[in-house]
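Kindly generate the complete structure, drawing on both the sequences and the hints.
2 protein chains.
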Amino acid sequence: MENFSFYSPTYFVFGKDTESQAGAYVKKFGGTRVLLHYGSNSAEKSGLLDRVKKSLDLENITYVQLGGAQPNPRSGLVYTGIKLCRQEKVDFILAIGGGSAIDSAKAIAIGVPYEGDFWDFYQGKEVVEGIKIGTILTIAAAGSEGSGGSVITKEEGMFKRSAGGDCMRPLFSILNPELTQTLPPYQTASGSADIIAHILERYFTNTKNVEVTDRLCESLLLTMINEVPKVMKDPNDYEARANIMWAGMTAHNNIVGVGRQQDWASHNIEHELSAEYDCAHGAGLAVVFPAWMKYVVDHDVNRFAQIATRVWGCQMDFENPKNTALKGIECLEKFFVSIGMPTNFKELGAKEEDITKMANVACFGDNAVGYVGNFVRLNQEDIENIYRLML
Amino acid sequence: MENFSFYSPTYFVFGKDTESQAGAYVKKFGGTRVLLHYGSNSAEKSGLLDRVKKSLDLENITYVQLGGAQPNPRSGLVYTGIKLCRQEKVDFILAIGGGSAIDSAKAIAIGVPYEGDFWDFYQGKEVVEGIKIGTILTIAAAGSEGSGGSVITKEEGMFKRSAGGDCMRPLFSILNPELTQTLPPYQTASGSADIIAHILERYFTNTKNVEVTDRLCESLLLTMINEVPKVMKDPNDYEARANIMWAGMTAHNNIVGVGRQQDWASHNIEHELSAEYDCAHGAGLAVVFPAWMKYVVDHDVNRFAQIATRVWGCQMDFENPKNTALKGIECLEKFFVSIGMPTNFKELGAKEEDITKMANVACFGDNAVGYVGNFVRLNQEDIENIYRLML
Numbered sequence: 001m002e003n004f005s006f007y008s009p010t011y012f013v014f015g016k017d018t019e020s021q022a023g024a025y026v027k028k029f030g031g032t033r034v035l036l037h038y039g040s041n042s043a044e045k046s047g048l049l050d051r052v053k054k055s056l057d058l059e060n061i062t063y064v065q066l067g068g069a070q071p072n073p074r075s076g077l078v079y080t081g082i083k084l085c086r087q088e089k090v091d092f093i094l095a096i097g098g099g100s101a102i103d104s105a106k107a108i109a110i111g112v113p114y115e116g117d118f119w120d121f122y123q124g125k126e127v128v129e130g131i132k133i134g135t136i137l138t139i140a141a142a143g144s145e146g147s148g149g150s151v152i153t154k155e156e157g158m159f160k161r162s163a164g165g166d167c168m169r170p171l172f173s174i175l176n177p178e179l180t181q182t183l184p185p186y187q188t189a190s191g192s193a194d195i196i197a198h199i200l201e202r203y204f205t206n207t208k209n210v211e212v213t214d215r216l217c218e219s220l221l222l223t224m225i226n227e228v229p230k231v232m233k234d235p236n237d238y239e240a241r242a243n244i245m246w247a248g249m250t251a252h253n254n255i256v257g258v259g260r261q262q263d264w265a266s267h268n269i270e271h272e273l274s275a276e277y278d279c280a281h282g283a284g285l286a287v288v289f290p291a292w293m294k295y296v297v298d299h300d301v302n303r304f305a306q307i308a309t310r311v312w313g314c315q316m317d318f319e320n321p322k323n324t325a326l327k328g329i330e331c332l333e334k335f336f337v338s339i340g341m342p343t344n345f346k347e348l349g350a351k352e353e354d355i356t357k358m359a360n361v362a363c364f365g366d367n368a369v370g371y372v373g374n375f376v377r378l379n380q381e382d383i384e385n386i387y388r389l390m391l
Numbered sequence: 001m002e003n004f005s006f007y008s009p010t011y012f013v014f015g016k017d018t019e020s021q022a023g024a025y026v027k028k029f030g031g032t033r034v035l036l037h038y039g040s041n042s043a044e045k046s047g048l049l050d051r052v053k054k055s056l057d058l059e060n061i062t063y064v065q066l067g068g069a070q071p072n073p074r075s076g077l078v079y080t081g082i083k084l085c086r087q088e089k090v091d092f093i094l095a096i097g098g099g100s101a102i103d104s105a106k107a108i109a110i111g112v113p114y115e116g117d118f119w120d121f122y123q124g125k126e127v128v129e130g131i132k133i134g135t136i137l138t139i140a141a142a143g144s145e146g147s148g149g150s151v152i153t154k155e156e157g158m159f160k161r162s163a164g165g166d167c168m169r170p171l172f173s174i175l176n177p178e179l180t181q182t183l184p185p186y187q188t189a190s191g192s193a194d195i196i197a198h199i200l201e202r203y204f205t206n207t208k209n210v211e212v213t214d215r216l217c218e219s220l221l222l223t224m225i226n227e228v229p230k231v232m233k234d235p236n237d238y239e240a241r242a243n244i245m246w247a248g249m250t251a252h253n254n255i256v257g258v259g260r261q262q263d264w265a266s267h268n269i270e271h272e273l274s275a276e277y278d279c280a281h282g283a284g285l286a287v288v289f290p291a292w293m294k295y296v297v298d299h300d301v302n303r304f305a306q307i308a309t310r311v312w313g314c315q316m317d318f319e320n321p322k323n324t325a326l327k328g329i330e331c332l333e334k335f336f337v338s339i340g341m342p343t344n345f346k347e348l349g350a351k352e353e354d355i356t357k358m359a360n361v362a363c364f365g366d367n368a369v370g371y372v373g374n375f376v377r378l379n380q381e382d383i384e385n386i387y388r389l390m391l
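Just so you know, the sequences run in chain order A and B.
Here the first sequence is numbered in our numbering, starting from 1 and rising by one per residue.
Here the second sequence is numbered in our numbering, starting from 1 and rising by one per residue.
Any given hint could be a false lead.
As the list claims (entries may be wrong) - Here are some of the chain A residues that sit facing chain B, going by a computed Cβ distance under 7 Å:
#  : residue
1  : N3
2  : S5
3  : Y7
4  : P9
5  : F12
6  : G15
7  : V212
8  : R215
9  : L222
10 : N226
11 : A247
12 : F364
13 : N367
14 : G370
15 : Y371
None of these hints come from the bench; they were simulated from the model.
The C-beta atom is built at its ideal place from N, Cα and C for all residues, glycine as well.
Set out below in structure tokens:
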């Protein structure tokens with residue numbers, strides 16, 4: 001195990017009706033003037049926004065609003081939010097939504113006290129301060145409610161890049177699984193694929209002797225495999241929604257990924273797809289991950305056989321472990337299909353002719369380092385080959 | 001799943017040589033005048049205390065010392081510590097040791113600003129403030145390095161009781177597995193039994209549909225079963241020590257126990273043993289847990305069969321699930337024996353004639369409520385029966 005530090009100071013409030021406590025938590029954590037930042041109209045339509053406003057009113061906390069955070073959130077809205085927060089002397093941002101609203105809120109939060117362009121942080125500049133953030137989660141997916149990271153797409157060039165820092169961790173996150181019951185099936189499934197991908201990015205490692213994090217990762221995968229089909233069948237299954245929601249947070253606050261090298265090639269390969277075609281990030285990952293697995297399986301057949309046996313319940317083929325490894329990959333593919341996820345470029349709306357360009361941007365675009373991944377370092381040619389496996 | 005809140009704001013610093021950063025972390029978290037609180041002589045003899053002092057000197061942080069925290073830490077030393085902190089205007093307590101030193105430090109920390117008797121908090125008074133705490137862990141066991149709880153034994157009457165609160169959570173905890181390599185085998189095994197017990201107390205629940213926390217608990221048990229025998233064989237196996245240390249924290253900061261009723265009967269039953277005979281808490285738990293399991297197995301045979309199959313790899317007997325349930329209990333017993341843990345009263349130094357008294361104190365002693373446990377509520381007679389199963 002490698003040396004590490006782990007810090008997850010977010011106060012999580014989990015369960016039914018918990019959004020009614022939003023005002024009390026903003027007050028507890030010192031907010032007096034709030035930006036309510038959210039995405040689509042659904043927060044308005046469902047009445048969630050009104051309930052949150054009411055809870056702020058009860059604590060005499062004032063607020064301004066900024067909606068419009070979209071999937072694969074954009075830099076344009078971040079600039080608008082920064083300007084608004086400065087103008088209105090906002091001291092607390094309450095994000096209402098999924099990873100998009102939360103990541104956008106984080107970008108605004110670090111942009112407000114910074115004199116330069118907030119994009120600098122997404123190009124590697126160290127994050128040292130930001131205004132306070134809280135979240136009300138409406139989809140189990142990105143894990144941003146418990147992480148210090150944020151991914152934003154810069155509209156000029158459509159670069160999708162990430163930033164991170166301890167001050168970007170939400171002070172509190174309200175997780176009410178009921179709020180996820182009205183999601184369209186495709187969004188539920190995409191969110192679930194994103195959670196599974198967060199676990200797999202940590203699972204595929206070259207670090208040896210990491211039994212505790214291996215087992216923790218496997219336990220979350222087993223949870224997802226058991227619970228996601230339940231919500232696909234019955235969107236109102238509160239209990240399954242709750243299990244998925246806690247798994248989604250746990251998968252990405254890094255408690256299951258400490259002390260080991262992590263991969264993240266598939267996320268980088270996917271980012272070009274969602275930047276280019278604006279597809280759902282999780283759906284993109286459902287296409288990328290099996291392809292990536294097939295491309296790198298020979299690097300450590302036994303690790304693939306381990307996940308196949310422990311998670312997918314495959315019988316170990318001791319004469320030919322690669323058979324087991326490949327069966328595990330097949331199980332993952334079938335699982336994604338069973339929950340309605342796409343399997344190829346066509347279903348994502350992606351085009352073969354863009355492969356070279358996307359692989360090039362993944363390797364050499366804004367702030368890229370010439371390769372992606374750590375389990376296996378992949379150059380532009382490798383990435384092109386992986387994209388081709390998705391045709 | 002039940003509604004819950006989860007808060008684990010401790011900054012964990014994990015790995016080799018990390019104790020040399022103690023001074024830097026005390027400074028980062030605002031400490032200027034430190035109480036170094038530790039237990040036996042081993043921190044002094046091993047040179048650990050000197051290394052920590054050196055790191056404080058480097059940051060120009062002054063300190064006073066208080067050693068002598070013993071297993072099953074006592075109220076007497078807490079009073080001494082409170083007096084010393086007030087006298088010396090200490091603003092930060094750095095505990096160096098295991099659960100005993102840390103729990104003692106927590107009691108001192110909440111006692112300093114409180115005008116009354118600190119024992120009030122161990123009788124149910126709400127904890128609202130305390131001076132800051134950091135820890136340097138030297139044994140994987142109690143999980144106090146990541147929890148908001150503390151257990152202290154009151155010398156008058158030998159009552160062993162607990163207190164808890166968010167301000168009792170360490171601001172930082174330094175976890176260096178190397179520091180555990182010099183532990184005697186019996187202490188390593190007792191600590192491991194304590195970790196296993198923390199998981200089992202959470203596992204046995206009447207709350208339904210808790211797949212994610214079930215799976216997380218199982219993953220930690222699987223880790224312990226795999227790693228503990230390695231350190232019993234080779235005390236210097238750093239990697240196994242590291243896996244156990246992270247499992248020990250994760251088992252008790254409650255991330256694997258949220259949203260579900262927890263049991264805690266076995267801890268209460270054991271507390272009377274370690275209060276009465278001063279045996280190692282973990283060793284006591286190794287004797288109590290299998291007895292408790294046999295006594296309550298019929299309450300939910302399938303839950304016992306689940307742990308037997310998922311954790312111990314038993315074949316499910318579908319005609320008679322209780323056979324599987326009992327096999328799982330047998331596996332746990334054999335595991336404890338294999339790592340040198342006691343199995344009965346005699347090996348613990350406990351006496352049959354004290355059974356009635358201990359069961360009475362567990363039910364009706366200082367701050368007790370007339371029963372123990374939630375999975376099955378156990379009255380005095382039940383507890384006596386469980387003690388008798390340990391003869």
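Now for the hints, and whether the structure bears them out:
1. Interface hint status for N3 of chain A: upheld, as the beta-carbon distance to the closest one in chain B is roughly 3 Å, under 7 Å.
2. For S5 of chain A, the interface hint holds, since its Cβ comes within 7 Å of a Cβ in chain B; the closest pair sits about 5 Å apart.
3. The interface hint given for Y7 of chain A holds, since its Cβ lies 5 Å from the closest Cβ of chain B, which is under the 7 Å cut-off.
4. Interface hint at P9 of chain A: satisfied, since its Cβ lies 4 Å from the closest Cβ of chain B, which is below the 7 Å cut-off.
5. The restraint placing F12 of chain A at the interface with chain B holds, with a minimum CB-CB distance near 4 Å, inside the 7 Å limit.
6. Given hint, G15 of chain A at the interface with chain B, holds; its Cβ is 3 Å from that chain's nearest Cβ, closer than 7 Å.
7. Contact between V212 of chain A and chain B, as hinted, is supported at the beta carbon level, the nearest pair being about 4 Å apart and thus within 7 Å.
8. Restraint check, R215 of chain A versus chain B: the minimum CB separation of about 4 Å is within 7 Å; hint holds.
9. Taking 7 Å as the C-beta cut-off, the interface hint given for L222 of chain A holds, the closest approach to chain B being about 5 Å.
10. A least Cβ separation of about 5 Å between N226 of chain A and chain B falls short of the 7 Å threshold, and the interface hint therefore holds.
11. Because the closest C-beta pair between A247 of chain A and chain B is about 5 Å apart, less than 7 Å, the hint holds.
12. Evaluation of the F364 of chain A hint against chain B yields a violated restraint, the C-beta minimum of about 34 Å exceeding 7 Å.
13. Given hint, N367 of chain A at the interface with chain B, is violated; its Cβ is 28 Å from that chain's nearest Cβ, farther than 7 Å.
14. Taking 7 Å as the C-beta cut-off, the interface hint given for G370 of chain A is violated, the closest approach to chain B being about 29 Å.
15. Given the 7 Å rule on beta carbons, the hint for Y371 of chain A is violated: about 27 Å separates it from the nearest Cβ of chain B.
The earlier numbered hints that this structure contradicts are 12, 13, 14 and 15.
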